[in-house]
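Based on the hints, put chain B in the right spot on chain A.
Protein chains in written order, with numbering that gives the first Met the number 0: chain A, 0 to 512; chain B, 0 to 512.
Note that these hints are calculated values from the structure, not bench results.
In this text, all values refer to a predicted model and were calculated from it rather than measured experimentally.
It is possible that some hints are incorrect.
If chains are identical, the list can't say which one is meant, so a pair holds when it fits in one copy or spans any two.
[As the list claims (entries may be wrong)] Here are the simulated lysine to aspartate or glutamate pairs, DMTMM-like style, with alpha carbons at most 20 Å apart:
1) Lys145 - Asp38
2) Lys101 - Asp122
3) Lys71 - Asp347
4) Lys71 - Glu60
There are 2 protein chains.
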Amino acid sequence: MFRPTIPIEITMAAPKTAITPTRQDNYAEWYQQIVKAADMAEVSPVRGCMVIKPWGYALWENMHKELDVMFKDTGHENAYFPLFIPISFLQSEAEHVDGFAKECAVVTHHRLTMNAEGKLVPDGLLEEPLIVRPTSETIIGATYAKWVQSYRDLPIKINQWANVVRWEMRPRVFLRTAEFLWQEGHTAHATEEEAREETHTMLKVYEKFAREYMAMPVICGEKPSGERFPGAVATYSIEAMMQDRKALQAGTSHFLGQNFARAQGIKFQDRDTQEKFAWTTSWGVSTRLIGALIMTHSDDNGLVLPPRLAPKHVAIVPIFKNDDERVTVVAHAKEIKKRLEAQRYEGDAIRVTIDDRDMRFGDRAWYQVKHGVPLRVEVGPKEIEAGTATVIRRNTLAKENQTIDQLVATVASQLQAIQNELFEAADKRLKSNSVRVNSRDELLAFLGDSDEGSMDKGGFAYAHFCDRPEMFEWLKQHRLTARCTPLDEPRTPGKCVFSGDDTDTVGVFAKSY
Amino acid sequence: MFRPTIPIEITMAAPKTAITPTRQDNYAEWYQQIVKAADMAEVSPVRGCMVIKPWGYALWENMHKELDVMFKDTGHENAYFPLFIPISFLQSEAEHVDGFAKECAVVTHHRLTMNAEGKLVPDGLLEEPLIVRPTSETIIGATYAKWVQSYRDLPIKINQWANVVRWEMRPRVFLRTAEFLWQEGHTAHATEEEAREETHTMLKVYEKFAREYMAMPVICGEKPSGERFPGAVATYSIEAMMQDRKALQAGTSHFLGQNFARAQGIKFQDRDTQEKFAWTTSWGVSTRLIGALIMTHSDDNGLVLPPRLAPKHVAIVPIFKNDDERVTVVAHAKEIKKRLEAQRYEGDAIRVTIDDRDMRFGDRAWYQVKHGVPLRVEVGPKEIEAGTATVIRRNTLAKENQTIDQLVATVASQLQAIQNELFEAADKRLKSNSVRVNSRDELLAFLGDSDEGSMDKGGFAYAHFCDRPEMFEWLKQHRLTARCTPLDEPRTPGKCVFSGDDTDTVGVFAKSY
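Just chain A, same shape as in the assembly (with noise of 0.2 Å):
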């Protein structure tokens, strides 16, 4: 069974800075500090919203960046649509207004005025109010039907990326805020066919950017209907699993079939002369893709990142007694600097810092190591005489002296190193943790009744299934969720373990966030 290894080798004296509490004592708890100790967001005066501070922002648009080349790849292009939608918009499509009324922030006045008291109150009341978009389906889609009129006008692939909103009551940061950060791909196609290629196709690049990128494992699979977005026909994700064993969704791709063109009347003349409803799709990932990473990589002392969305690759950190040396010792970093951004790691010039902050050379590793970067150099009057530099691993804390040839040389496969290694050790997670159930009785045994927070169960139970609500009644009831039925999973005959009937669907059933 999986137990979490914590490394507890440092180069510095004692782990006063490391976190607390760690992830066995509670997991949810040094999530939170995790996030705080790398400066990555906090949360804001407003309910539920949080600042993402510069090195969580330096994250996202690390990921941004990749993803935004990844869709162009794939022959997308990037537009913007309006914050609001008109609120007879939105009940156009009857599933798609269940799933969002509850949680969305209402615009309904347009100035605000002074009262008698000298308090600010909104006034200019809005003929029809607006919210603030939970998803863009139906604004899109008002405006597509506009775009739209013959087969040569198909397909239509374009993607946002944008801020949302759906009020949350118990909000956590990155994983579940009432504003968030996303990209939401939108396409309409002449026939279904195309747009279910599409739905697979924008399904793989999230497999293949977390697997390449974050260095996470994750299985794609089809949403039971129970879980299906408010409206599509099928949702896909990609599901992962952290150290905790909980399975977090990272990536949805939704085939809406024609529901959502019907509803917003994208109809097009097709090259028979009949008129038809286009097919569409939506598909998205947000800042929770940050949750992720942080669950996925850090241990009890930090932030740990993949090195290839990592802000910094390298963090020299130069050691000196006193100015004479500090003098000489940031000079030379500044040499190595230099020379390391010379050489590139994956078509990226490698990205270093130097921390000669006026602060104790233990606090500035520390601070270092908590902050997550990849690779640690450290030199001094001793190692510049030497011509080397003490080289730490992030994510063994492993150190090596190293001659500074020896790391420019190496610098990129040191780094490739680490991203291999981290993708390993949560691959092995995953399915070191993956089991096959074959009664209720053992997805309990195995997933638990155990406390919100604990370690204790956890991983991806697969199961024989069919999909009725009483089903998800009973996982509700357990706090236990159907996460998806794999795309790999062969079709085999089997009995539900819940109904006992015949079935010949699989599905991972997890703990969840």
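Only chain B this time, still in chain A's reference frame:
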């Protein structure tokens, strides 16, 4: 006097797709038609909000990318702050509230519910209403107040890329819309001197961007009191002259003194152990720059784009009469594309598109003209045989026969030539339409009381003034505006053209949007 020269020589037959009306006939309507013809943006079903279409958004992405590099090179980091601002925050700075209360979207409820008639209505009244940010000084200031304790925590130099909302009664796409995209820099400093320096540094960044990327000369100056940002001690701007010789404010940089620091409580213990308020600045440019770009360079045939920001540098338009020819010519076009893409312009790979859509050649060529692609390359069977192509510059519509080798070898310098020509034309216009006036009569004679949308009169009038409320009233009556006091304008003794009083201050006066 400036008269727009309208290039009419064109490689295709009738100018059926040129823009109607021309600039001369109706400048305001010509602008709307350019936006439409080049697929830049359109009005949305949400009052005052625009849809930025892929071609317009790609231009914004290039602006974003280049500005972002300049911000980071001057020591700034990106972060993200909440979309919503509690109304009590706005109230804390008196001038600020006056400036924004009249035009803000107010969120009062956090869900929708179905009423007895099956209609969605707002529900879940918020204890305190929220406004959608019109600008973020207050919410960011409140956050900085938590981050800053000591002089060691300063400076904070953060930028945010975001959407903002200012309710507009007379929206005009890109120039004045209820929602727009922008960046807003917010910095806090320990000393007044440092904050003032930051304000000027960022103004210079905007000037450089306008000149070198947008090919748009600007006047850097300080806004008169009546045009200051609400709550600022001093507001600086870059002012550009459009082709109708109206002024357009293209970017602003504000020195906020300690006003917002006092209102939000940004205070720190200085080296001398005294507690002091920080000095803050803010600065921003928005999607309005797209409007400025359009009105600076475009002509009566459509959009004209400066190569450094153009989404595509080169459009190859294949000429073919039948499917056999099409196969050969498109294969040849792909070869040319590949060779061009291996070239670099200003550090970027040349951006090439092949327009082989199922449309008549003339329509495809016109499409590229209207969309402003800097270089159009036409190749057909005849050109293949000769090893040449017809190369047409969008700005002059001059066409030249070039060998493919020539084209590949000189594509970067041809693009730079266009970039330079665009700047020179705009600079000549700015200079030849700037005059010095010595009385209100001269001012009126130069700028006139002409109809809105007319190009008959306009330009930048330089005049001595002494910045009194009466001046702003008079200007408003005559639909004129005080733009700025140019930073490079020497202080010379003179008489205010409005009051007759002695003053050493010279301002730029103009019509505006």
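So, going through the hints one by one against the coordinates:
no.	hint	verdict
1	Lys145 - Asp38	between (45 Å within a copy, 13 Å between copies)
2	Lys101 - Asp122	between (24 Å within a copy, 9 Å between copies)
3	Lys71 - Asp347	both (18 Å within a copy, 17 Å between copies)
4	Lys71 - Glu60	both (16 Å within a copy, 13 Å between copies)
In this structure, none of the earlier numbered hints is contradicted; all agree with it.
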